[in-house]
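Residue numbers (the working numbering), protein chains in the order written: chain A, 670 to 1028; chain B, 490 to 623.
Just so you know, these hints were derived from the structure itself, not from any lab. Fair warning: there could be bad hints in the mix.
[Stated by the list, open to error] Listed below are the simulated DSS-like cross-link pairs for lysine-lysine, each with C-alpha atoms no more than 30 Å apart in a straight line: (1) Lys547/B to Lys705/A; (2) Lys593/B to Lys705/A; (3) Lys547/B to Lys725/A; (4) Lys593/B to Lys547/B.
Letter by letter, the chains look like this.
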Amino acid sequence: MVTPLGRGLAANLEALSSGRSAVAPAGAGEGPPGWKFAGVPDFDARPYFRVPKAIKLADRRTRMAVAAASMAVEDAGLAAGGLDPERLGVVVGTSGSDLQAEELGRAVAGEGERAAADIPWFADRILSGLNPLWLVVNLPNMVSAHVAIQLDAQGPNSAVMTDWIAGLQAIEEGAEWIRSGEADAVLAGGAEAGVLPFVMSSYAQGERPGAAGDAPSELALADGAAIFVIEDEGRARARAARIYGEILPSSGSGGQETGCLEAIRAELGRRGAKLLAVSRGDGGSRSARDDAWARVFGEGPEIVDYRPALGHALAASAAIDAGLMLARLRGAAEPSAVVCGARGYLGQFAALAFAGGAA
Amino acid sequence: MIPSRAEIEDRVRTIVSEALDRPAAEVREESSLIDDLGAESIDFLDLVFRLETAFGIKIPEDRIWAGSQDLADAPEEEMAERLRRLRAERPAFRWDRFPDGVRKEDLPRLLTVRTIVDFLERALPEAEDGHAGR
């Protein structure tokens, strides 16, 4: 994973355990007063790109995704398994692109009002002033495309764009590809560059649940990416790979929070797995939502919230949570589980349950 | 002021090196953009945009890459004659790479850094005249 606290799971766990937070108020000129951000500092993406020429086609979210995917593939020892590239799939959730606002701005520089009102002129300036590659940098499915190109994943490829639950749904989709035999291994997760002018303006203009007025007092926009290697347990064990956990089939998404969580609780009961912790993944206020988790799971499991440390990386946020939560399963002495939730600003809900421990 | 050929070549090599992510030392005048420098179709769009921005002129793609696609629709029976004419018109193409005869789909591989420099050496004075005449 790549987050504002560092690159790689170990670096993030260490930063979190030492109480670090990457969330900071916007500096002068960086965003509206009162807003908070958690950006990923620029990093050299070259070591992660098998084809370095493609870096010019990769925006920040894509660079983070390729870096995260490369780390995941290495961690999983996937290269050692003799995997057929045509059986390696990719599915990444993202909510959009940074649209290269600086390039757009340069193309219409000095003519702000005209750019807003004179559409033929605007079109002419954009067409002549923007690099023709601009489009292919900004298409939402380019994250999945570049991960596939750089990791030589020639299997099924997809992008999920269901706002804040997209990262979790991508993992769910990847697990389904394994169950249905569409792929032998899948690189799945979320990637997002959330610290961006367009994102800021859309959240400032739109009404967001939990935000008072237009000041997102609780929503700290963040960057980040987390990619998982998902495969059949037998395959992973045959390779002696490091296994973090099993994705439970009761994981799911939809509008019904209580229903999703009840399905997970029932499966945990059947398996006799102890629920260690839950992360609800909310970006905004808690209010009534706490009740569903408490009603279903009781007061037992620890409630984890990474937002104060990592901010909210929109579509990638809950995928990052999932990576951090999975680390809690390692070393558990008895059959255990963690549950990660995400709620989109339009009300969609997703929850993934992971089992592990005593392996 | 119109830059000298040496200045044009210098700037073109830098642009090609950046666009195709190749060390400057690998970008030579006779380098085939595709075979030696790894250009793909999408890179040709990128190159034209970068050259337009750097030299401040509009570059019609059918002119800068002229000869590399001219035979795409040519009937087979005319190919030999059309190729012979193209060879005479474009002596700087890397014909030597295809000693056994070139197929029309190989034509883009004949394009070199020199193709760009030659084009700009012709086009920059034309653009300058165009401005002066307005």
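A quick look at each hint next to the structure:
1. Restraint check: the Cα-Cα separation between Lys547/B and Lys705/A comes to about 43 Å, which exceeds 30 Å; the hinted pair is violated.
2. Between the alpha carbons of Lys593/B and Lys705/A the distance comes to roughly 58 Å, so the proposed pair goes past 30 Å and is violated.
3. A threshold of 30 Å between alpha carbons decides the hint, and for Lys547/B with Lys725/A the separation of about 23 Å falls inside it, so the pair holds.
4. With a C-alpha separation of about 27 Å, the suggested pair Lys593/B and Lys547/B falls inside the 30 Å cut-off, and the hint holds.
Comparing the model with each earlier hint shows violations of hints 1, 2; every other hint is respected.
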